[in-house]
Structures are given as structure tokens and as C-alpha cells.
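Asker: Top to bottom, those sequences are chains A, B and C.
Counting from 1, position 175 in the first sequence corresponds to residue 175 in the numbering used here; the numbering is continuous, with no gaps.
For the numbering used here, count along the second sequence from 1 and bump the result up by 1000.
For the numbering used here, count along the third sequence from 1 and bump the result up by 2000.
List of simulated lysine-lysine pairs, PhoX-like, C-alpha gap at most 25 Å:
#, chain 1, residue 1, chain 2, residue 2
1, A, Lys-19, B, Lys-1146
2, B, Lys-1188, B, Lys-1171
3, A, Lys-185, B, Lys-1133
4, A, Lys-112, C, Lys-2283
5, A, Lys-20, B, Lys-1146
6, B, Lys-1126, B, Lys-1146
7, B, Lys-1126, A, Lys-185
8, B, Lys-1200, B, Lys-1171
Chain B is nowhere near these chain A residues, computed Cβ spacing over 12 Å in every case:
#, residue
9, Leu-26
10, Gly-27
11, Ser-39
12, Val-135
13, Val-147
14, Gly-152
15, Thr-162
16, Tyr-166
17, Lys-168
18, Met-239
19, Ile-298
20, Tyr-324
Everything labelled a hint here was simulated from the structure, so no lab data went into it.
C-beta: ideal position from N, C-alpha, C; glycine also.
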Amino acid sequence: MISLILPDPHLPYRREFIKKRDFLYLGALMLLPVIWPDSLFLMVLAGIYAILSLGLSLFLGYAGQISLGHAAFFGIGAYTTAILTTRYGVPPLGAFWASAVAAAAFAYLIGKPILKLKGYFLALATLGFGEIFLVIVRESRSLTGGVSGIFGVPWFSLAGFTFDTYLKQYYLVWGVLIGLVLFAKNLVRSKMGRALLAVAASEDAAASVGINVVRVKVGVFVISAAFAGFAGSLFAGVMSTASPGAFGLGLSVLIVMMVIMGGMGTLYGPIFSAVFLTWLTDVLGGYQEYSLPIFGVILILLLIFFPDGVGTRLNARLIYLISYWGRKRRRERVER
Amino acid sequence: MSLLAVDKISKSYDGVLALNRVSLAVRQGTIKGLIGPNGAGKTTLCHLISGLERPTSGTISFGEVDITGKEPYEIAALGVGRTFQALQTWGNMTVVENILAGMHTRLPGDFFSCGLWLPWIHKGEKGALPEAKEILESLGLLGRWKWPASQLSFGQQKMLELGRALAMQPKLLLLDEPAAGLTPAEVKKLSEKVCQLREKGITILVVEHHLGMVMEIADEVAVLHNGELIAEGTPEAVKKDPRVIKAYLKGGGVDA
Amino acid sequence: MDPWGLIPQLLISGITMGAIYALVALGFVTIVKASQIINFAQGEFVMLGGVITFFFIKGAGLSYPLAALMAVIVVVIIGFLLHVLVIYPLRKASTLILIMATLGASIVLSNTSALLFGTLPKTLTSFSGEQPLEIGGVLIVPQSLWVLGATVCLLLSLHFLSHRTLLGKAMEASSTDPLGADLVGISRNLMVFFAFGVSAAMGSIAGVLVTPLFYTSYSAGTLLGLKGFIAAVLGGWGKNSGAILGGFALGIVESLSVAFIPSGYKDGVAFAVLLLILYFRPKGILGSPFIDSRRW
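Just chain A, same shape as in the assembly:
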């Protein structure tokens, strides 16, 4: 009852699939457009980033592997949708799936060699891949429109229904997110979820029980890339453009921060922090040139003071406060 508001990361045995508080979240999501319609555009963006960080949380938060290049998969998704819809007239739904497949395919190709690396070297390799992606995109003018990108990507549409307003896009994006959350929840509760955690905690032990560590790492890398591909497709459909500026190291760093701050080993945490960080970058954007240095400082402070994620510390604090009355009552009962 007490932890109704915030998600708690360290559950004993994750048997409950949908909890009472999930309905609370769902209700809040459905009511948001009514309560606060001005926030809709930001929430659409936040939802897209939430999909991105949900995918990365499987790779980073559960399997413990570092990727500083996930923005590239996001970009691959966006460009795939942009190219397919503007040049080949592929309907948005088809492009949506194709984007995820394209991102997944690239992840598979570079994953197999790269995922033999660990720690700093894996981080560097993924960073390198991200940079190479940008260089190639900027140079292949005929395919990707070079530095300026592709314009005129059509709105996402499904069987004649076009998602052309912020409201419709909001429901679309968060609807997709909910579907992906269900997939991720299933995954995390299953043997593969345990395999991810095993690889994170001790690869040697994982191998000793028969887990093919490289195959697991590649698999979760591919899935997280597919999520990024979905997000990228939605991004192109919402922004109507795809350009290299949006897919750089800065975004990769931002998504990793969302996962760390949300709490490694949780699914809802990264979603909450995606919303928070999207809102934060919007607020800071108002400060123009000061925004990035301030953002960097906030990042460092968060890492120093909340290394386990903001949710854990705040949740514990909140539970402690709220439980004060319960404990007070219990103490009085004992004294009688």
C-alpha cells in the first residue's frame, strides 16, 4: 500500500505481473491530456525517449553491458522510416516494423564481434560505432540527405486513421510503450531475464551453468536496438524529419543517464526518468547557452549522490516518512 506511488526496484520474487499501482499509472496517463493539455508535445517526445531507454535498460540495467552508441539505432530507425515512406511510398505501419528490423539487423552485425569486449572497451566500441554511423549518414547525401536530412516524412497512420495531432500522437506513442513494457515484463520474469541478470553479476558462473554468454549479450543487444528502431520510427513520424543532429553522442549519453537514474534492474524507473529528463532538457533549453554546462553539472551531481538511481533513494525516503504514522501507532499499541 505504501509504495503505491513509486516503483520499488528490489522485489523478492517478481511473480505479480500487473499490480494495483499499474492501474494508477495507466489512469494518470489517460487523464493527462485532460488535466494538462499543454504538456502533450513534451510527453510525446518523452514517450519516445522512454521507449529508447526501456530498450537500453534491458541491455544496461539488466545485463549490465555499456552502450554509448544507442542513438545510432534510434537514427537507423528514423532514417529507415523516413526513406521508406518518402521515397518508396511504404505505408507507415510497414515502415514502423521495417525500422525495428533494420536496427536489429545492424545490432546483430556489429554485436557479434563487439560483445566479446567488456567494460571500457565495449563502451568505446559502441561509441565508435555511433560516430561511424554519423559520419556515414552525413556523407551519403543521396541516401540520407546529408547534413540537412530528410523532410516531409508523413504522419503515422493506421488503416486510414492519421495521427496528426499531439493528442493522437500521445496515445500512439504511449500505447506502443505499454505494449513494449508488457513484452519486457514477460522477458524479465522468464529464464532469459534471469540469464541477463546472471551475465551481469558473474559471466563465469553463468557460463558454468550452460548459459551462452555471448549469445545472450547479442540477443539483448538486438532487442534493445529493435526498441530503439521503433522509437526512431515514431520520432520520424512525429517530427516529420530525420537529420543527423538528433542522433549523436549527446543523445546516447542522455539515454544511458535515463537508465542509471531510473535504477538499474528496473523497467519503470527508466520510463520515469525519461519523462523527467525530457522535461529537464526542455526547461534548461530556455537558458540557451547555459543549458549544456548546467546539464553536465547536474549529470555529475546525480552520479555522485544517486549512483543507484534517484528512484531507490527517494522511494526509501518516502516509505520511511509515510510509514512514520504506522510505526507511531504500533509503538503506542505496544506501550498500552
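For chain A, the structure is supplied; the task is to place chains B and C on it using the hints.
Answerer: Showing chains B and C alone in chain A's frame:
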């Protein structure tokens, strides 16, 4: 009939010879002890058998299969389980999840079927939980099955590692210094448990520093010193072997 | 145009750039040897060296040499601050957190530079004029010779520092055997502190040297830092000799690539080299004391 046969295994690290043409065999259904002073190469041999390291030369066979140079997960899939000298439980999961994860190769499912929670995944999970709880009960850990594994005591975590290896239903069990850091009472419980496993037909290779325990439960003992096998035989014979006594008294130094 | 004919010229610019990469790489390796941390803000030290010198000349009217000296001192102070404010509080944190923290520091430094000094590219005057010398059919700008000469001097000073001074020996001891060094009273944290200072000094000097040749601006540091890191990995991770070899190798490969592939891809070459080396030989050309042989 030897289930495990190590043939003239050598391992050198950048010129330092950790193991020098070591050969030993473990007969099926027996407990073999591997003892020797610190630095003798016992854990290295464990790593070689389980696949975490590759031998510089020599072969290792498991039953009919040559497992030299195979990947650790392949060797595990063939039925070789192990525990680790330095605790390697999965602290980020609960106790019961550690056991369930040990059952990985026996459960169905890959990333997609798990994410979509297809019917056979559900069946697998439902069936696995009671078995995991049974294993925990046999190790005395059932009361804490929902606890995060990191919150167990050191001795309990060592038992958990054993349980995890058992969850694989292994034919051969490699125990790397299982008694290290245990209280005398815990060592007794461990010895009993290992003997029980022998009754069930599991073949066991125990690498141990704790001579008392090994001499009591092992059918055969091999002694490693400075990377070489210096004695092999029944516990009584090995205890009396002058070379073994010299090795332990000298503490692994240069032979006088 | 005949690509092969360009090679000697490209070689010269490759060697010049290679010297800069070597200095940046040495900066990485110095910190890695002391603390096993990769300082993603290393490139920013280089950028700040050039930018702050420019500021001291144009904004404060100092003479060129004095401005350069002041700039180096300022950057060294920044390096010390980086350690005290960011690295030291996180000394027990995981690899991931440290990576993110130094990336954060890189963001702060580069964008603060944009804030304080503007975003326009800056340049400095070459030390001894722009007139290129002709040696054996290739043109060499005098600044290139300064870069190479200064690099050699810096390498010698670094060698002197590690082998002849007490501080240097203490740093070497701490990196080879932290526990042992600790037991004889060498504080690991203090050694890391100094490592950051030494790194910052090398980086900023490299920055002053290279700015006359290429423009510098607030964003130049990130890419330069990455390439310096790649050079360190290429040559042999964790070794000074590796950093130097890798720096020159990367500079030459990158420069020569322009003859064979469109120039827009030039920056991508370094990353391609990174992926190749990580895949085939993560230890680097000369091998690495830090990467174990287990199943690589």
C-alpha cells in the same frame, strides 16, 4: 570407467608454467580429492576442465567426448557443473532465482518466446519452481527463498552455489575449495551433503585445502605440487607418502 | 590526380598530427596507469590550452609566450579540480559511473568554453611564421617542426619525471603495485591527483602547439580526445611507448586515407581503426599490461 580423464595437461602463463603434464582420471560415481599446497595449480586445473581457460597442451575428455578447448557453456551443457573458490553467486537475484537460473539449459525458451510469454514458457516456469524449492530444502535454504542472494551468510551462499550447480542435474561436479571460509559445523554438513550426492550417482572432483574433510569423504586422492602431480591413491596411502608430507611441510617452496 | 604522388606530403601532415595524437594518448595513459580510469575529458584539456591562450592574448593583452604559460597553468588547475570534484568523490564507483562522470565533465568543459569564449573557431599565430620550407620535394610548415620538436622534448621530460624524480617514481610505483606503494606511504589518491595534473599539462601544451596549424573551438576537444584514446589502444594499451607508437600510426593512417577515400570520411577512419583493433587485437600493437590473456 573414468568419467573424466585429464591427459598430460600443461598450462603456462607468459612463460610461467602453472601445470606441467598433469594426468589424472576420475572414476564414475566416486569422489576424487585434489589437494596440494597453495599455488600448486589446483584452481587452474579446475578452470581448464570447466573451460574458463585453454590448456597450452594436453587433452581433457569427459566420457567419450574430447572437451579440450571447448567453451565453458558447451562443457556445462554436457553435464559438468562447478562451484567457485571465490564466491560467484548472483547477488542481484533472489535465492530461488539463483537456482532457477541454474536450470537454464533444462528450460525451454529464447528471447522472443519469453517476451511473448508463449504457453510452453509458462508451463516451464510453473514446473521449475517446485523443483527449485526442493533443492533449496535439501540444502536448508528454503526459509530464505525470497531473499536477495547477497543477504545470505557466506556459508549459506556457498551452499547456494552448490544448489545452483545441482540444478543443472550434472553428471560431474567440480567443487573448487567448497569448505573455504566455513565453520566446522558447516564443513560437516557439506561433507554429508557431498556423500549424499555420491549415493545419487554423481561423480565429484573436490579441490580442497582442508585436508580433514577430503581425507574423510574421498575414495581417491591426487596431490598437486608446483604444477606437478606428485602422488595419487587412497587417502591412507597418500597421507603416508613422504613426498606429500615434504611438500606440505615445505609449504610449496623449492625442494632442498 | 595521382593519389600515390600525394603520399609524401600526406605523410608529413600525418606525422605532425600523429605527434598531437601521441601527446593526447600519453595523457590518457598517464591517468590510466595511475588509476585505471579513462578520462573522457582529456581532449578538452587540449582544446582549452589553445582557447585560453587565445583569450589571454586577445582579451588580456599578454604576450604570446606568457599567455601560453598562463593557459597551461590554468588547465593544470582545471585538471586538479577535475580530480578533486569529480574523480575523488567517485573513487569507489563502478566503471559505468566513472565513464559517465568523465563524459559529463567533458560536456561541462566544452560547453563552458563555448559560454565564456564564444563558439567561433580560434587560431593562434605560428611560432616562426607561415612560410613553408621545402625539404626533399615536400613542403613543411615550420609549425610542424615545432610540434615534433616539442613532442620530443615533452617525451624526454616525461621520461625524466618518471625515472629521475621522486614524484615520478612514486607515480610509477603506485601504478605498478598500488597496495605495495600504499604500504610504504605513497597515497594512491595523491598520485592520481598528480596524474591528472601531468595529463592536463601535456594536453594543454599539445593544444598550444596545434592551434596555429588547425583552428580550435569549443567542440574540437571531444573528437581529438577520442582519437587520442584510439591511438593509445592501437599502440598498446597502458604503455607510454604504445601511446607514442599508436599516435603516430593513427596520424599517418588517417592522413594517408584521404588519398584513397572521400575526405568527408576522414574522421570515420579513426573509428574504423578502433573497431578493427578491438576486434583483432585489443591489447594493441605492443601488447598491454592490463588485458589478461583469458580467452581473447
